[in-house]
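Student: Here are the chains, one letter per residue:
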Amino acid sequence: MARPLINVPKTVRRGDSFEIRILIAHPMESGQRRDEYGKQIARDIIHSFLCTYAGEEVFRADFFPAIAANPFLAFTARAVETGRLVFTWTDDHGAVAFDTVEIVVE
Amino acid sequence: MQRRFLLAAGAALLALPAAPAHATRTDVAAAISALTKGAPLRPGRVKLDLPLLVENGNTVALSLAVAEPLPPGERVLSLHVFAEGNPLPNVINAFFGPRSGDPHLATRIRLATSQTVIAVAACADGSFWTDSVELLVTLAACVDEI
Amino acid sequence: MFQGGVAHAAPHSGYDDAGPQVRAMQDDDTQNPGFLWVQQGETLWTEAAGSRATSCATCHGPVTAMRGVAARYPAFNPATATPITLAQRINHCRTEHQGATRLPPESDALLALSTLVAVQSRGLPLAIDDTGPLRPFIAAGETFFRTRQGQLNLACATCHEERAGHHLGGALIPEGHANGYPQYRLEWQKLGSFPRRLRACMLGVRAEPLPADAPDATNIELYLAVRARGLTVETPAVRP
Numbered sequence: 000m001a002r003p004l005i006n007v008p009k010t011v012r013r014g015d016s017f018e019i020r021i022l023i024a025h026p027m028e029s030g031q032r033r034d035e036y037g038k039q040i041a042r043d044i045i046h047s048f049l050c051t052y053a054g055e056e057v058f059r060a061d062f063f064p065a066i067a068a069n070p071f072l073a074f075t076a077r078a079v080e081t082g083r084l085v086f087t088w089t090d091d092h093g094a095v096a097f098d099t100v101e102i103v104v105e
Numbered sequence: 000m001q002r003r004f005l006l007a008a009g010a011a012l013l014a015l016p017a018a019p020a021h022a023t024r025t026d027v028a029a030a031i032s033a034l035t036k037g038a039p040l041r042p043g044r045v046k047l048d049l050p051l052l053v054e055n056g057n058t059v060a061l062s063l064a065v066a067e068p069l070p071p072g073e074r075v076l077s078l079h080v081f082a083e084g085n086p087l088p089n090v091i092n093a094f095f096g097p098r099s100g101d102p103h104l105a106t107r108i109r110l111a112t113s114q115t116v117i118a119v120a121a122c123a124d125g126s127f128w129t130d131s132v133e134l135l136v137t138l139a140a141c142v143d144e145i
Numbered sequence: 000m001f002q003g004g005v006a007h008a009a010p011h012s013g014y015d016d017a018g019p020q021v022r023a024m025q026d027d028d029t030q031n032p033g034f035l036w037v038q039q040g041e042t043l044w045t046e047a048a049g050s051r052a053t054s055c056a057t058c059h060g061p062v063t064a065m066r067g068v069a070a071r072y073p074a075f076n077p078a079t080a081t082p083i084t085l086a087q088r089i090n091h092c093r094t095e096h097q098g099a100t101r102l103p104p105e106s107d108a109l110l111a112l113s114t115l116v117a118v119q120s121r122g123l124p125l126a127i128d129d130t131g132p133l134r135p136f137i138a139a140g141e142t143f144f145r146t147r148q149g150q151l152n153l154a155c156a157t158c159h160e161e162r163a164g165h166h167l168g169g170a171l172i173p174e175g176h177a178n179g180y181p182q183y184r185l186e187w188q189k190l191g192s193f194p195r196r197l198r199a200c201m202l203g204v205r206a207e208p209l210p211a212d213a214p215d216a217t218n219i220e221l222y223l224a225v226r227a228r229g230l231t232v233e234t235p236a237v238r239p
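Protein chains in written order, with numbering that gives the first Met the number 0: chain D, 0 to 105; chain E, 0 to 145; chain V, 0 to 239.
Hints were generated in silico from the structure; no laboratory data involved.
Where is the CB? At the ideal position from N, CA and C, for every residue including glycine.
A few of these clues could be false.
A few chain D positions that, by computed beta-carbon distances, are all more than 10 Å from chain E [said to hold, decoys possible]: (1) 15; (2) 77; (3) 99.
Across the chosen pairs, the derived CB separations fall in these ranges [unchecked claim]: (4) 97(E) with 52(V): 47 to 57 Å; (5) 28(E) with 103(D): 16 to 26 Å; (6) 28(E) with 146(V): 30 to 40 Å; (7) 125(E) with 46(V): 52 to 62 Å.
Here are some of the chain V residues that sit facing chain E, going by a computed Cβ distance under 8 Å [to be verified]: (8) 15; (9) 18; (10) 20; (11) 21; (12) 169; (13) 185; (14) 188; (15) 239.
One chain only, chain D, in its complex shape (with noise of 0.2 Å):
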């Protein structure tokens, strides 16, 4: 379950702002559940995410466990130039993660 599903526009017109949605498969274990045997689970989850777009970051997000299971964000970028789109997150076991897609500015 390791890759996200992104989705963006293929094109977008320069100077336009264009919708940007990531969701990502992850528990986000809260940490404040407890299991059949009454021992609390463990807090697992994904505490930060960034997004760059052609190398400057666009957006960054500090998560709390109030977020819940696979994530979801919708944000937006505006278009400058024909380039990168990366994300990054990290979880609670130190676990990066990343993806790209490229996005082509007319």
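Got chain D; can you put chains E and V on it based on the hints?
Tutor: Then chains E and V, alone, in the frame of chain D:
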């Protein structure tokens, strides 16, 4: 009769909340003043959208947008969400870089119970704006009535 | 013909009983978390597995060739003269055709392949053949549906026929159709199979839940599919 009938059933983990403790209005106020550092919080500019009636608190669609055209040169730097009835006051902090488009954010959150959710927007001129939604969270299913 | 009673007159999908938020999640593939499993399924479809190092695609070609298949499942398996679910059929291909191990029930891999195959039939009407050798199994499923069970002594029909449309605590009791599995359930915070939902309802009445591959679990799935005739495949459905 067990209240949470069907909903926890079937899950390999009967996930009971560890502690009924939840953030209070004071916790949220403290988290907000840590952000604003005493600057006044005004209604406006930011619009928080949440369903008023939530079917399952595990996944609640939230969206935030800038409510009105900002003065020229003004920009929203960050959006923050707080929940008074969750175990922790913070939900998300979102920061918008210079390449971001119209400040807008959608995500899905967890809500432990019926409560008030508060959003704060921080603008480049140092001003802070807020909006809130009071909502009702129903349990997925109970057998009390059968 | 198998007649379900009043509620059966025109089956009403659980989708219609869900709130606008849940329906919006199901309607938009970019927001429906079930598509995370569809995507994983696409990867697995073309990945060589087992001692024969073949992939699903080696024999079946593009997955779009599976359109219509899920609408006919559970189907009759002449080799065993019993019904077989879609997940069991996929595992049969794994063991017999790929020389690979069975994927465990509720594993992400089995859910992913089942969802990928089922989503190809999205929008197609359920099409179980209830005139042939499946008849006795459908009848057994209906008997199970109408038999009171568990410490609460309730039949599936008590809730899903007699009380469908009424409230159980905060939740509306749906007609209990199985046209959207595997489905993303907010309560589970993940995708789950029909047998998992069945276990949830059985635990609810304090009955001993059936294991995924129990013949009765397949019979009830089969009966529910016949009972839901007129509805279309919604996989991956989203439910509260």
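Student: Next, verify each hint and record whether it holds.
Tutor: Evaluated hints:
Here residue 15(D) does not stay apart from chain E, with its beta-carbon only about 8 Å from theirs, under the 10 Å limit. Taking the minimum C-beta to C-beta distance to chain E, about 5 Å, the non-interface status of residue 77(D) is violated against the 10 Å cut. Separation of residue 99(D) from chain E is adequate, the least Cβ-Cβ distance of about 16 Å exceeding the 10 Å criterion. Residue 97(E) and residue 52(V) have their C-beta atoms about 50 Å apart, which keeps the hinted 47 to 57 Å range intact.
Checked against the given bound of 16 to 26 Å, the beta carbons of residue 28(E) and residue 103(D), roughly 47 Å apart, lie outside it. Separated by about 56 Å at the C-beta atoms, residue 28(E) and residue 146(V) break the suggested range of 30 to 40 Å. Take residue 125(E) and residue 46(V): their Cβ atoms lie about 54 Å apart, and the range 52 to 62 Å holds. Restraint check, residue 15(V) versus chain E: the minimum CB separation of about 14 Å is more than 8 Å; hint violated.
Interface restraint check for residue 18(V): the shortest CB-CB distance to chain E comes to about 5 Å, inside 8 Å, so the restraint holds. With a least beta-carbon distance of about 5 Å to chain E, the hint placing residue 20(V) at the interface is held under the 8 Å criterion. With a least beta-carbon distance of about 6 Å to chain E, the hint placing residue 21(V) at the interface is held under the 8 Å criterion. With a least beta-carbon distance of about 3 Å to chain E, the hint placing residue 169(V) at the interface is held under the 8 Å criterion.
Residue-level restraint check for residue 185(V) holds (minimum Cβ-Cβ distance to chain E is 4 Å; threshold 8 Å). Look at residue 188(V): its Cβ gets to within about 5 Å of chain E, closer than 8 Å, so that hint holds up. Evaluation of the residue 239(V) hint against chain E yields a held restraint, the C-beta minimum of about 4 Å falling below 8 Å.
Of the numbered hints listed earlier, those contradicted by the structure are 1, 2, 5, 6, 8.
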